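Engineer: Whenever a hint applies, use it, and build me the whole structure from the sequences.
So the chains spell out like this:
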Amino acid sequence: MPKDGEFYQRDRGRHPPALTPDYKTSVARSPRYPLISLQSSVSEITGPVFGHGDVDPLDRDMIYNYARPGESAIGERIILHGRVLDENARPVPHTLVEAWQANAGGRYRHKKDTYLAPIDPNFGGCGRTLTDEHGYYFFRTVKPGAYPWRNTVNNWRPAHIHLSIFGTGFAQRLITQCYFEGDPLIARCPIVQTIPDPDAIDSLVAVLDMNATIPLDTIAYRFDIVLRGRRSTLFENRLEGN
Amino acid sequence: MAQKLDYLRETPSQTAGPYVHIGLAPGAAGFSIYAQELGHDIAGPNARGERIRIEGVVIDGTGSPVKDVLIEAWQANADGYYAHPEGGGPVEEGFRGWGRVICDFETGEWGFDTVKPGPTPGRNIGPQAPHISLWIVSRGINIGLNTRLYFEDESAANAADPVLNLIEWERRRATLLARRSERDGQGVYRFDIRLQGDDETVFFDV
Ligand SMILES: [Fe+3]
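So the protein sequences, as listed, match chains V and E.
Mind the numbering: the first sequence is residues 1 to 242 in UniProt numbering, read in order.
Mind the numbering: the second sequence is residues 1 to 206 in UniProt numbering, read in order.
What the hints contain is simulated information worked out from the structure, not anything from laboratory work.
All of these numbers come straight from a predicted model, not from anything done at the bench.
Not one of these hints is a red herring.
Derived lysine-lysine pairs resembling DSS-like cross-links, with alpha carbons at most 27 Å apart:
#1 E:67 x V:111
#2 V:143 x V:111
#3 E:67 x V:24
#4 V:112 x V:24
#5 V:143 x V:112
#6 V:112 x E:67
#7 V:111 x V:24
#8 E:4 x V:3
Structural biologist: Here it is in structure tokens:
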């Protein structure tokens, strides 16, 4: 049985570059020197391990995890679900997935958000869960609203949910955003369009999943996530120290 | 036509945005929701080794502090073991070696308490000097930035470190060295991160 070796090199052409002038904030926050490429050492192959003591089952339910007793968040009730896989198509079990989003009106519960849409008193806007043994995860939430942001004076973010995923090694650490099928704002968003590859953009768009809806209750969207995969060490390449 | 490879392709990154705290550190966003937030205690109560504090600020290309940055830290314990099945050996009860660090929204200053890590195995030649891996996200950062913090008072180990020695421009290696001082008898290391400019911090494609 081959052992797992280092991570496959990250395909940087699939990710946004650091400097993307149409997303103005990136201009002063993007390194100018090239990145120094490292082969994986133990520092990159390992990463934090989380367990059921770290999260509560209610944490994944954003309709109720901040709501007053007997009340619930306002908005279109949705399930967001899918699998976390690696590039070898193997499930990533027991890994931490965290989500955050605006409420149905497009307003964040954050002291720095001053958009005029109202705060929903029953909606915190964050959730977290561990994938199961098959890499499967799900959240229940409300569909977030689009919101305006200061880039040009008329930029609007498409409805999106921010996602943070760990994997098994610190080199897999990823934050991304999930969009919703059919939203005309996706093509107009300077943050989405920091990604140069249209196929890569499509991979951030959740698809309506009628088979996973709960009839007369909650509609569902499917969103699979792919983390970096690891080489098989068919021949020893001296990963572990001398 | 040849056969097709069936590898999947990594999900692309998107910026963490200005409200990253809601998801990863809701207390900093201004509300309490979880029984416990993750990443506040890196070393835990039982970790051996020297207790240290690390402080710094992230500075953008205009010389201004980045006031909405979030940093994650990943490190070995004093024995050089990571809290992971492939981490090399056992760690103390309660040692996770991972932390989440939020900066002050007014000044951009951040800091965290931990233990000084030990040397860890290198890939090929010799051990890696004690270091802490850092991952930096914020609004305007399209894909998280990976860097490493080394300790200036480990000069012999640093001189032999395989990663520092990979940096062709020797002047730039100094951007990864945290500067030591003492405060109330405790070692405090200063590590400012510069996103651009002559002293741009070295970032890695890991
Ligand atoms: Fe957002």
